[in-house]
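Visitor: From first to last, the protein sequence lines stand for chains V and F.
Heads up, the first sequence is in my numbering, so the first residue is 90 and it goes up one at a time.
Heads up, the second sequence is in my numbering, so the first residue is 98 and it goes up one at a time.
These are calculated hints, taken from the structure and not from any lab test.
Treat the hints with care, as some may be off.
[Stated by the list, open to error] For the chain V half of the interface with chain F, some residues (derived, Cβ under 7 Å), not all of them: (1) Arg-129; (2) Ala-133; (3) Arg-136; (4) Ser-138; (5) Ile-139; (6) Ile-140; (7) Leu-213.
[To be verified] Quick list of simulated restraints, FRET-style, between CB atoms: (8) V:Leu-166 x F:Glu-275: 28 to 38 Å; (9) F:Pro-223 x V:Lys-211: 53 to 63 Å; (10) V:Glu-153 x F:Asn-229: 58 to 68 Å; (11) F:Arg-199 x V:Ser-98: 48 to 58 Å; (12) F:Ser-232 x V:Ser-98: 48 to 58 Å; (13) V:Ala-195 x F:Asn-281: 54 to 64 Å.
Keep in mind that this is a model prediction, so the values were computed, not measured.
Just so you know, even glycine gets a beta-carbon here, dropped at the ideal spot from N, CA and C.
In case you want the letters, here they are:
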Amino acid sequence: MQIILSSTSSVPMYEQIKTQIRNAIHSGDIAEGAFLPSLRQLAAELRVSIITVTRAYNDLVAEELVANEHGRGFLVLAVDAGAAQRALEQHVSGAVANLVAAGRSARMELDDITRKVEEEWKQL
Amino acid sequence: MEATVTTQAVAITGLQLRRGSFALRDVNVGIPTGFVTGLVGPNGAGKTTLIKALLGLIAPDAGTLRLFDDQDAGTSAAQDRIGVVLDRVTAAPEWRAGSIGRRIGALYTQWDETYFQQLLERFDVPAGNRVNELSRGQSVKLSLAMALAHRPELLVLDEPSSGLDPVARRDLADILREFMLDPNHTVLFSTHITPDLDDLADHIIVLTAGRVAYAGMLDELHERFAVVRGRAPFPENARPATIGLRLESSGAYEALIRTDDTALFGSDAMIEAASTDDVVVHFAEQARATRGGSDPGPSVADREEIH
Numbered sequence: 090m091q092i093i094l095s096s097t098s099s100v101p102m103y104e105q106i107k108t109q110i111r112n113a114i115h116s117g118d119i120a121e122g123a124f125l126p127s128l129r130q131l132a133a134e135l136r137v138s139i140i141t142v143t144r145a146y147n148d149l150v151a152e153e154l155v156a157n158e159h160g161r162g163f164l165v166l167a168v169d170a171g172a173a174q175r176a177l178e179q180h181v182s183g184a185v186a187n188l189v190a191a192g193r194s195a196r197m198e199l200d201d202i203t204r205k206v207e208e209e210w211k212q213l
Numbered sequence: 098m099e100a101t102v103t104t105q106a107v108a109i110t111g112l113q114l115r116r117g118s119f120a121l122r123d124v125n126v127g128i129p130t131g132f133v134t135g136l137v138g139p140n141g142a143g144k145t146t147l148i149k150a151l152l153g154l155i156a157p158d159a160g161t162l163r164l165f166d167d168q169d170a171g172t173s174a175a176q177d178r179i180g181v182v183l184d185r186v187t188a189a190p191e192w193r194a195g196s197i198g199r200r201i202g203a204l205y206t207q208w209d210e211t212y213f214q215q216l217l218e219r220f221d222v223p224a225g226n227r228v229n230e231l232s233r234g235q236s237v238k239l240s241l242a243m244a245l246a247h248r249p250e251l252l253v254l255d256e257p258s259s260g261l262d263p264v265a266r267r268d269l270a271d272i273l274r275e276f277m278l279d280p281n282h283t284v285l286f287s288t289h290i291t292p293d294l295d296d297l298a299d300h301i302i303v304l305t306a307g308r309v310a311y312a313g314m315l316d317e318l319h320e321r322f323a324v325v326r327g328r329a330p331f332p333e334n335a336r337p338a339t340i341g342l343r344l345e346s347s348g349a350y351e352a353l354i355r356t357d358d359t360a361l362f363g364s365d366a367m368i369e370a371a372s373t374d375d376v377v378v379h380f381a382e383q384a385r386a387t388r389g390g391s392d393p394g395p396s397v398a399d400r401e402e403i404h
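Bound conformation, chain V alone (with noise of 0.2 Å):
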């Protein structure tokens, strides 16, 4: 798992982090019984407060994604595959509302979004 932080969008650190969890727990780039890294190690490598990173992982476990195991680190738990499925493409419909707009924007037809995402899909 990689996080990426900006240090300048309106979107709180703790917020950002959380976020980028979150999505990597509902992909499974972080399986289920996996430790988190330590909330220190954490935020030693992020550049962060501990607090914050404190937030996030709190937050995550409001969430039951994750659980304290006190003494061991933060666990994660079982991904309901509903909600999971839900999360992820409420993702993409904010990924293609950011589309739209930036296809709008730029007075660019419906066919040539279209063929632009067709492209893309086929590169990958």
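Assemble the complex: chain V is given as a structure, and chain F must be docked to it using the hints.
Guide: Below, chain F without anything else, positioned relative to chain V:
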């Protein structure tokens, strides 16, 4: 939370300390174990005095400073567990950096000479140079190496980042983060350059004119305070809610308020989250106003100081 019980590396209660015209007044504050606490305030607010008191270098007039639950400030047992970085290297100017361990190591029970030499190398401090031949950045790093080499639990740094370039400041923050990998470690970091604490400090103590204006989590500070700016007329009923109110001759105003008080201002007032600097500046302004503008005049004896 990671730790269910928060212990205090430092507990200060009822501290009074007078030095000339300056005084720390009724300071009650704790520094939690396992976190980085920033100590901020304008020059002359008492940051260094507070640090010297907790190191036992100055005796308070009243109150207690307890370290690690059960030790008084200034005892050798407490000193052994504290690493200190002050504004100058605490070594003779003619000593060579690499020889310092042999000279002062015996003062500590856990001095680790191998580790000290490794730190000098890692921090790019030339071991053959004399203390007075080092740059500001190298001096801070030498102080840090001296502080870390005796394996302290609490690291106290007084204005370590002033005079450092951006690269050295980042190195310093990285070294502190590495120190904080151990949950039993604690850092107290004083500075008047508050952006140095962003993304580093967990807790913050704002000191203005010898008093604690705010002590708590840094991100809560940003949530609890806001800056309000508006055009005339200033809503007089809101005056008691303002901290460090500034009224321009045009009638435009600016003040720090608690987020709960935003409703006192009309919809055309602009309200924004407060930065750490906003909090420091407005509390300092408030302290100056309540003392009749006499702060910090060195010759002015403030009769209020001792209760």
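Visitor: Going through the numbered hints above, which ones does this structure break? Give me the numbers in ascending order.
Guide: Those not satisfied are hints 7, 12.
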